[in-house]
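Turn these sequences into a full structure, and let the hints guide you.
Number of protein chains: 2
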Amino acid sequence: MEAEHPQRKSAEDTVESGKFVLDLTDRSTIITPMNPPLDTLDRILKSASELMYSRSYADVGVAAICEHAGVKKGSFYHFFPSKRDLTLAVLDKSYIDMKENMLDAVFASDIPPLERLLRFAETAYEFNKAVAQDTGQVLGCPFGNLAIELSTQEEAIRLKLERIFKKLNANIRQVLQDAVDAGDLKDINIDATAQAMIAYFEGCTLLAKVHNDVEVLRTLLPQVAQIRIPAQQL
Amino acid sequence: MEAEHPQRKSAEDTVESGKFVLDLTDRSTIITPMNPPLDTLDRILKSASELMYSRSYADVGVAAICEHAGVKKGSFYHFFPSKRDLTLAVLDKSYIDMKENMLDAVFASDIPPLERLLRFAETAYEFNKAVAQDTGQVLGCPFGNLAIELSTQEEAIRLKLERIFKKLNANIRQVLQDAVDAGDLKDINIDATAQAMIAYFEGCTLLAKVHNDVEVLRTLLPQVAQIRIPAQQL
Numbered sequence: 006m007e008a009e010h011p012q013r014k015s016a017e018d019t020v021e022s023g024k025f026v027l028d029l030t031d032r033s034t035i036i037t038p039m040n041p042p043l044d045t046l047d048r049i050l051k052s053a054s055e056l057m058y059s060r061s062y063a064d065v066g067v068a069a070i071c072e073h074a075g076v077k078k079g080s081f082y083h084f085f086p087s088k089r090d091l092t093l094a095v096l097d098k099s100y101i102d103m104k105e106n107m108l109d110a111v112f113a114s115d116i117p118p119l120e121r122l123l124r125f126a127e128t129a130y131e132f133n134k135a136v137a138q139d140t141g142q143v144l145g146c147p148f149g150n151l152a153i154e155l156s157t158q159e160e161a162i163r164l165k166l167e168r169i170f171k172k173l174n175a176n177i178r179q180v181l182q183d184a185v186d187a188g189d190l191k192d193i194n195i196d197a198t199a200q201a202m203i204a205y206f207e208g209c210t211l212l213a214k215v216h217n218d219v220e221v222l223r224t225l226l227p228q229v230a231q232i233r234i235p236a237q238q239l
Numbered sequence: 006m007e008a009e010h011p012q013r014k015s016a017e018d019t020v021e022s023g024k025f026v027l028d029l030t031d032r033s034t035i036i037t038p039m040n041p042p043l044d045t046l047d048r049i050l051k052s053a054s055e056l057m058y059s060r061s062y063a064d065v066g067v068a069a070i071c072e073h074a075g076v077k078k079g080s081f082y083h084f085f086p087s088k089r090d091l092t093l094a095v096l097d098k099s100y101i102d103m104k105e106n107m108l109d110a111v112f113a114s115d116i117p118p119l120e121r122l123l124r125f126a127e128t129a130y131e132f133n134k135a136v137a138q139d140t141g142q143v144l145g146c147p148f149g150n151l152a153i154e155l156s157t158q159e160e161a162i163r164l165k166l167e168r169i170f171k172k173l174n175a176n177i178r179q180v181l182q183d184a185v186d187a188g189d190l191k192d193i194n195i196d197a198t199a200q201a202m203i204a205y206f207e208g209c210t211l212l213a214k215v216h217n218d219v220e221v222l223r224t225l226l227p228q229v230a231q232i233r234i235p236a237q238q239l
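Protein chains in written order, with our numbering: chain C, 6 to 239; chain D, 6 to 239.
Be aware that one or more of the hints could be misleading.
Since the list can't tell identical chains apart, any single copy or any two copies may satisfy a pair.
Subject to a maximum C-alpha distance of 20 Å in a straight line, what follows is the list of computed SDA-like cross-link-like pairs (lysine to any residue) [what the hints assert, rightly or not]: (1) 104 <-> 220; (2) 51 <-> 86; (3) 191 <-> 224; (4) 88 <-> 63.
Hints were generated in silico from the structure; no laboratory data involved.
Since the model is a prediction, treat every value here as computed from it, not as a measurement.
This is the structure:
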């Protein structure tokens with residue numbers, strides 16, 4: 006049984022907790038199945054993620070997501086009150102996927118710290134190359150894309166993206182701290198240098214997208230390991 | 006007298022040539038005034054530029070632009086067949102404005118080459134700061150914003166933006182060539198270093214937008230002058 010009425014349940018709770026509860030605060034009493042069809046939710050998230058990444062947030066409506074996912078609108082609104090709530094869930098899932106499939110391996114401490122940054126650069130290039138071969142277009146960074154499109158319009162999405170960028174910053178800070186501890190770096194502002202490195206990554210990805218040329222990343226990204234913000238600057 | 010029927014005149018011709026001619030290729034014969042109301046065109050361009058910059062391309066429709074500009078839809082379609090054509094004209098005008106009001110002064114050869122990059126960084130910070138004080142939000146780079154939002158969807162706009170980024174690259178290449186000639190730099194790939202510097206600018210602006218904190222630019226941007234892509238890398 007699917008509820009036609011959108012539940013006022015936060016998308017973040019839905020995805021991050023991984024469980025579903027009866028929402029007694031809703032005006033109408035809706036019985037939510039205790040074992041909901043998770044594959045439906047997965048299909049909605051996957052379709053929304055793919056469509057928004059290849060096009061944009063604004064260009065992809067709920068109807069298009071439902072059609073792509075092969076689900077009815079009632080199912081969609083069973084999980085998400087709105088496209089914005091869906092997008093918050095997509096961002097959570099995309100970050101978790103990126104962490105488990107990429108960041109954890111890229112930033113593993115099996116090689117010297119600054120070489121991890123080169124591995125990050127190489128992985129980002131290979132990812133964008135694979136996407137470009139698949140779609141014919143450089144699609145850029147899924148997080149940077151939504152950050153640019155929505156930061157001035159959807160504060161909840163901006164805040165979610167800000168938290169994701171801070172987590173990425175923490176990853177790179179750890180690399181830099183390891184490099185300082187190993188004596189490979191000194192006199193740098195670790196937090197600002199991590200920010201500068203992320204900025205460089207995002208900007209290279211933007212240029213690759215506007216030139217529709219993934220080789221921009223191959224040329225530019227490895228230089229990320231040379232960026233320093235000196236400690237005394239601030 | 007205003008034509009209600011959209012003329013199939015390219016927006017680029019309209020703006021870049023600064024003149025208006027009778028379009029005899031149109032199916033209906035439309036008498037276009039030889040001295041059209043330029044202030045109407047200016048208001049449309051200014052409104053579109055402001056609204057798209059503070060929100061996004063998709064979020065701003067022709068109706069909203071006309072209302073903001075105080076013009077009728079008939080006037081809009083007198084100048085532009087579509088929002089896409091308008092946007093091409095907005096980009097031309099925005100680039101010309103940026104060049105005349107900022108780039109020509111920033112890259113003037115009155116100070117040593119690498120100091121011009123610091124002047125560029127300072128000017129970009131001050132511009133974003135003024136916008137943020139005015140609107141309460143960091144809006145980012147008007148070119149980078151549209152590049153991210155539209156590159157995969159509107160090829161004509163991507164190509165226009167690509168040309169604008171190439172012009173900016175030429176400005177920075179000149180700075181780097183001057184630095185090489187002055188003996189301040191050596192063994193760099195000038196074109197790739199210019200690309201890397203633009204990437205860094207755009208990425209810093211993206212982070213300032215997602216954190217809604219213009220001080221990110223003050224901290225990070227001056228480091229642009231230290232970026233190098235070595236000649237032997239490629």
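Status of the hints after comparison with the structure:
Taking the shortest Cα distances, residue 104 and residue 220 never come within 20 Å of each other, neither inside one copy (24 Å) nor across copies (28 Å). For a Cα distance limit of 20 Å, the shortest separation of residue 51 from residue 86 inside one copy, 17 Å, qualifies, whereas the shortest one across copies, 36 Å, does not. For a Cα distance limit of 20 Å, the shortest separation of residue 191 from residue 224 across copies, 18 Å, qualifies, whereas the shortest one inside one copy, 27 Å, does not. Within a single copy, residue 88 and residue 63 get their C-alpha atoms as close as 10 Å, and across copies as close as 15 Å, so both meet the 20 Å cut-off.
Checked against the numbered hints given earlier, this structure breaks only hint 1.
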